[in-house]
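> Residues per chain are reported as follows:
Protein chains: 2
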Amino acid sequence: MEQLDKLEAHFKRLSHFQHLAAICGWDQATMMPDGGNHARADAMAELALYCHQQMTQPELGDWFADVDEKSRHLSATQKASVAEMKRQWQQASVLPDTLVKAKSLAGAKCEHAWRQQRQDNDWDGFAKNLKEVVALAREEAHIRADQKLCAPYDALLDLYEPGMTAERIDEVFGALKQWLPETIQAVVDKQAQQPVITPKGPFPQAQQKALGEHVMKQLGFSFEYGRLDISTHPFCGGVPTDVRITTRYDEQDFTSALMGVIHETGHARYEQGLPQDLAGLPVGQARSMGVHESQSLFFEMQLARSAPFATLICQQAKQAFNRQDDPAFQVENLHRVLTEVSPGYIRVDADEVTYPAHIMLRYDIERDLISGKMEVDHIPERWDTAMQQYLGLSTAGNYKNGCMQDIHWTDGSFGYFPTYTLGALYAAQLMQAMRQQLDVDGIIASGNLSPIFDWLSQHIWQRASTTSTDNLLKDATGETLNPAHFREYIQGRYL
Amino acid sequence: MEQLDKLEAHFKRLSHFQHLAAICGWDQATMMPDGGNHARADAMAELALYCHQQMTQPELGDWFADVDEKSRHLSATQKASVAEMKRQWQQASVLPDTLVKAKSLAGAKCEHAWRQQRQDNDWDGFAKNLKEVVALAREEAHIRADQKLCAPYDALLDLYEPGMTAERIDEVFGALKQWLPETIQAVVDKQAQQPVITPKGPFPQAQQKALGEHVMKQLGFSFEYGRLDISTHPFCGGVPTDVRITTRYDEQDFTSALMGVIHETGHARYEQGLPQDLAGLPVGQARSMGVHESQSLFFEMQLARSAPFATLICQQAKQAFNRQDDPAFQVENLHRVLTEVSPGYIRVDADEVTYPAHIMLRYDIERDLISGKMEVDHIPERWDTAMQQYLGLSTAGNYKNGCMQDIHWTDGSFGYFPTYTLGALYAAQLMQAMRQQLDVDGIIASGNLSPIFDWLSQHIWQRASTTSTDNLLKDATGETLNPAHFREYIQGRYL
Ligand SMILES: [Zn+2]
Ligand SMILES: [Zn+2]
Numbered sequence: 001m002e003q004l005d006k007l008e009a010h011f012k013r014l015s016h017f018q019h020l021a022a023i024c025g026w027d028q029a030t031m032m033p034d035g036g037n038h039a040r041a042d043a044m045a046e047l048a049l050y051c052h053q054q055m056t057q058p059e060l061g062d063w064f065a066d067v068d069e070k071s072r073h074l075s076a077t078q079k080a081s082v083a084e085m086k087r088q089w090q091q092a093s094v095l096p097d098t099l100v101k102a103k104s105l106a107g108a109k110c111e112h113a114w115r116q117q118r119q120d121n122d123w124d125g126f127a128k129n130l131k132e133v134v135a136l137a138r139e140e141a142h143i144r145a146d147q148k149l150c151a152p153y154d155a156l157l158d159l160y161e162p163g164m165t166a167e168r169i170d171e172v173f174g175a176l177k178q179w180l181p182e183t184i185q186a187v188v189d190k191q192a193q194q195p196v197i198t199p200k201g202p203f204p205q206a207q208q209k210a211l212g213e214h215v216m217k218q219l220g221f222s223f224e225y226g227r228l229d230i231s232t233h234p235f236c237g238g239v240p241t242d243v244r245i246t247t248r249y250d251e252q253d254f255t256s257a258l259m260g261v262i263h264e265t266g267h268a269r270y271e272q273g274l275p276q277d278l279a280g281l282p283v284g285q286a287r288s289m290g291v292h293e294s295q296s297l298f299f300e301m302q303l304a305r306s307a308p309f310a311t312l313i314c315q316q317a318k319q320a321f322n323r324q325d326d327p328a329f330q331v332e333n334l335h336r337v338l339t340e341v342s343p344g345y346i347r348v349d350a351d352e353v354t355y356p357a358h359i360m361l362r363y364d365i366e367r368d369l370i371s372g373k374m375e376v377d378h379i380p381e382r383w384d385t386a387m388q389q390y391l392g393l394s395t396a397g398n399y400k401n402g403c404m405q406d407i408h409w410t411d412g413s414f415g416y417f418p419t420y421t422l423g424a425l426y427a428a429q430l431m432q433a434m435r436q437q438l439d440v441d442g443i444i445a446s447g448n449l450s451p452i453f454d455w456l457s458q459h460i461w462q463r464a465s466t467t468s469t470d471n472l473l474k475d476a477t478g479e480t481l482n483p484a485h486f487r488e489y490i491q492g493r494y495l
Numbered sequence: 001m002e003q004l005d006k007l008e009a010h011f012k013r014l015s016h017f018q019h020l021a022a023i024c025g026w027d028q029a030t031m032m033p034d035g036g037n038h039a040r041a042d043a044m045a046e047l048a049l050y051c052h053q054q055m056t057q058p059e060l061g062d063w064f065a066d067v068d069e070k071s072r073h074l075s076a077t078q079k080a081s082v083a084e085m086k087r088q089w090q091q092a093s094v095l096p097d098t099l100v101k102a103k104s105l106a107g108a109k110c111e112h113a114w115r116q117q118r119q120d121n122d123w124d125g126f127a128k129n130l131k132e133v134v135a136l137a138r139e140e141a142h143i144r145a146d147q148k149l150c151a152p153y154d155a156l157l158d159l160y161e162p163g164m165t166a167e168r169i170d171e172v173f174g175a176l177k178q179w180l181p182e183t184i185q186a187v188v189d190k191q192a193q194q195p196v197i198t199p200k201g202p203f204p205q206a207q208q209k210a211l212g213e214h215v216m217k218q219l220g221f222s223f224e225y226g227r228l229d230i231s232t233h234p235f236c237g238g239v240p241t242d243v244r245i246t247t248r249y250d251e252q253d254f255t256s257a258l259m260g261v262i263h264e265t266g267h268a269r270y271e272q273g274l275p276q277d278l279a280g281l282p283v284g285q286a287r288s289m290g291v292h293e294s295q296s297l298f299f300e301m302q303l304a305r306s307a308p309f310a311t312l313i314c315q316q317a318k319q320a321f322n323r324q325d326d327p328a329f330q331v332e333n334l335h336r337v338l339t340e341v342s343p344g345y346i347r348v349d350a351d352e353v354t355y356p357a358h359i360m361l362r363y364d365i366e367r368d369l370i371s372g373k374m375e376v377d378h379i380p381e382r383w384d385t386a387m388q389q390y391l392g393l394s395t396a397g398n399y400k401n402g403c404m405q406d407i408h409w410t411d412g413s414f415g416y417f418p419t420y421t422l423g424a425l426y427a428a429q430l431m432q433a434m435r436q437q438l439d440v441d442g443i444i445a446s447g448n449l450s451p452i453f454d455w456l457s458q459h460i461w462q463r464a465s466t467t468s469t470d471n472l473l474k475d476a477t478g479e480t481l482n483p484a485h486f487r488e489y490i491q492g493r494y495l
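Chain order of the listed sequences is C and H. FYI, the numbering for the first sequence is 1 to 495, going by this note's numbering. FYI, the numbering for the second sequence is 1 to 495, going by this note's numbering.
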């Protein structure tokens, strides 16, 4: 169909520019000298503007209308392709330019000031800027909600996790809240009885890198189609044929970089495993942020922190650092190190048991901020209450390690936080289903993990965005999101 | 003036896209895994097409016409800015799309086949493709010549060395031919009497890199605005605020990478030294390929292979490789190593005394190919004759080390070769003028070379393309190109 061809050609052309943006973005974080930043930022902004213009070209509307009229002639994949193109087009087109600009200005101002305000524990200064950001996010949410005929917060969720609603998250997180605080306490009490020997550095960076690359290969990362580098904030970037993952090395603690590398390898394999015949099309992209995180957490949590994988890591780490006789490198001890649970203030440092607590409290707050049920001024109090309730920690007056610790809200990315925990729930559910079909522990112990990756490839990676997250889960596991699997998994591993 | 503002805004916007192309091009040569090549090539081609479209937008013609009418109100820099924008616009616009496409196809075909044909010494196969390339280059030259009202080959020269003509090169190279072959012979005879101890490897890559970075700093390269990396074919890329130079390391010979790094540092300082207030405009770019090469050769030949600089290198190399007592690292010996002259087949391996011979023979051939005075079939014979005449070497039947050694002609880049030797002549002339004002040897010996760089910055770097090469030379040295300085320099250093 002519108009469909036009649409797909248009989005494929756009993907070439997005390719260049991805590589230059990676370069900015890993390679660029400081002095290059100003000109680079200008160049990237020019490219972003051009991509936005291309994404919102007026003729697209006509093409979509034409394709919709004849949609009964389309195959299922074609229908999905149209739907995904339309989703990106509508998301890009619906906001008036004035709002986009105001959002960008307020976000940049808030984020810039936050870097200092966080250090100074200056809540009042931060709150002033955040109010502007929240006001614009509410405006954005309303406009998007009018277009999608849904609730305002759901319209923001849809940017990161299409199809997800606050109603569904309330239900899922509600179940979590029932058992998680008690479980955390029980795990902490249990682990207090089990002594852990912390591996002592130094672990030279070159050896850590070699170990990381070794494990990446074992996890099927293709260095023919990707790289590992260093950046301050680890990420997975690039394009599916050239996936760039990064880490940072702590010479006193090799596990942080290693687990980070394994996490990003999960993201990377999803990207490397996307179907080539849909390359350059929205339908050929990863399904959602939550599904993306399910893959990184599957690799990091379900696989790499399991007992049989700890045995593999143990052998390799002993060799890499020449610690054959170090008691900290005995397999049982190392597994305990990899599964230590410890309630703390900082989300990014949290283990998998306490992590959902950090997310649930942020979700409750941002949902009510967007709906208008609460205001910025009440964030610290609510934060403190939830931290006490979930983790037994007070953040009263401690803004920098409380509600000012994350960058997400500073530029108005409301709706993003829940995807971290949705990813953890998806991962547990996928593993549960996989175990029905595969002897997962035996496969890990064998060192050849291909059957595991084949399963993920078939059920997740190769399907890209050809169907909804609900369908993806149903086809892979027999049911849509069921948070009971996460409970079973956590209590099984830790209690 | 409104139209001038529009023009400059247009070219500055374009420079942002060229920035991204430069970084992604660097990435392709230094960082990209092999598997990324296909998608990257597509993305880069899309960007190149977009840049071409932007460069040839129809409204530019009206804007230029308008500006020309009011040009008496423009400052000298504004006039130069208009002239340089116009030059780029005309160069991009004059060729019909069909010819651009045919050129690109024939060039890609010829270059691709050449990679194997060169290995196979397959002249007949190569000649067949090259004929197509030459036919299209002739067509291109005629179209460009009609636009510029000049001779066809001069129109190609103008792409690389604006203002230069075959008539002028004939004159300059004619003078060179008078004395160079005899001088080469005399230098070879003289050096045969002076034993040289070749430094023996291994020279570990990490130590070579540290030495290179040390020398780069001494040469004023700013790592705040640039990087050093590795690529198969060394180059200087990136953008003025983020200059990316590359090298390759031979663990048996540290001088090749070191001298290569110094050469690229000359290119880099020119880029880093361009005027910031003209950034993003054609008038703010380097003057020409020849002037660019004059800076790299000034650094590599005039500075780094001089006796006082050899003393600096000697100290640093001894330390870097821990060779305090190695007789190969005695300063006199090292200087001999750095100034060894040896006629050979391969241009890129040539020393500065024999290098012009390689260029002159290529120039004679390409000039006559474009004018139609000779045909592709006669290249090998003419090559052999010239090699025997200039360097006493026969290339009869040895195509791969003769007329098939370079990539330049495969994609039709005729007019480029002369800029290498023009650069060497400019460099010698600049040094001669500098010596009238500065105690160059004393400055080098002091280790603080700033006065030399300040001189280059004032006379070359800061002037960018605000005036012609002729004027640049006249203002810096009191005369336009005078090849006598190169003769004096070569005979002074080597005889
Ligand atoms: Zn992640
Ligand atoms: Zn050069």
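Note that these hints are calculated values from the structure, not bench results. Each hint should be verified, as a subset may be incorrect.
No distinction is drawn between identical chains; accordingly, a pair holds when it is met within one copy or between any pair of copies.
Below, a list of computed lysine to aspartate or glutamate pairs in the DMTMM-like style, where the Cα atoms sit at most 25 Å apart [to be verified]: (1) Lys-209 - Glu-251; (2) Lys-12 - Asp-34; (3) Lys-101 - Asp-5; (4) Lys-86 - Glu-46; (5) Lys-103 - Asp-406; (6) Lys-217 - Asp-34; (7) Lys-209 - Glu-59; (8) Lys-318 - Asp-229; (9) Lys-6 - Asp-42; (10) Lys-86 - Glu-488; (11) Lys-148 - Glu-59; (12) Lys-209 - Asp-229; (13) Lys-79 - Glu-182; (14) Lys-12 - Glu-46; (15) Lys-128 - Asp-229.
> Each hint needs a verdict: does it hold in this structure or not?
We went through each hint and held it up to the structure:
1. In this assembly of identical chains, the alpha carbons of Lys-209 and Glu-251 lie at most 25 Å apart whether taken from the same copy (11 Å) or from different copies (24 Å).
2. For a Cα distance limit of 25 Å, the shortest separation of Lys-12 from Asp-34 across copies, 22 Å, qualifies, whereas the shortest one inside one copy, 33 Å, does not.
3. Taking CA atoms no more than 25 Å apart as the test, Lys-101 paired with Asp-5 passes between copies only; the shortest distance there is 24 Å, against 32 Å inside one copy.
4. Proximity of Lys-86 to Glu-46 under the C-alpha cut-off of 25 Å is found in both arrangements, the shortest distances being 24 Å within a copy and 23 Å between copies.
5. Taking the shortest alpha-carbon separations for Lys-103 and Asp-406, only the intra-copy value of 18 Å comes in at or below 25 Å, while the best inter-copy value is 54 Å.
6. Taking the shortest alpha-carbon separations for Lys-217 and Asp-34, only the inter-copy value of 17 Å comes in at or below 25 Å, while the best intra-copy value is 32 Å.
7. For the homomeric pair Lys-209 and Glu-59, neither the shortest alpha-carbon distance inside one copy (49 Å) nor that between copies (54 Å) is at most 25 Å.
8. For the identical chains of this complex, Lys-318 and Asp-229 are intra-copy neighbours only, at 23 Å inside a copy versus 32 Å across copies, given an alpha-carbon limit of 25 Å.
9. Taking identical chains as interchangeable, the C-alpha atoms of Lys-6 and Asp-42 lie at most 25 Å apart only when they sit on different chains, with a minimum of 18 Å there against 31 Å within one chain.
10. Proximity of Lys-86 and Glu-488 under a CA criterion of 25 Å is satisfied in neither setting, with 39 Å inside one chain copy and 71 Å between copies.
11. Only within a single protomer do Lys-148 and Glu-59 lie at most 25 Å apart by alpha-carbon distance; the minimum there is 21 Å, versus 40 Å between protomers.
12. In this assembly of identical chains, the alpha carbons of Lys-209 and Asp-229 lie at most 25 Å apart whether taken from the same copy (9 Å) or from different copies (19 Å).
13. For a Cα distance limit of 25 Å, the shortest separation of Lys-79 from Glu-182 qualifies neither inside one copy, at 46 Å, nor across copies, at 77 Å.
14. Taking the closest pair of Cα atoms, Lys-12 and Glu-46 come within 25 Å of each other both inside a single copy (19 Å) and across two copies (10 Å).
15. Taking CA atoms no more than 25 Å apart as the test, Lys-128 paired with Asp-229 passes in neither setting, with 38 Å inside one copy and 45 Å between copies.
Violated hints for the displayed structure, listed by number in ascending order: 7, 10, 13, 15.
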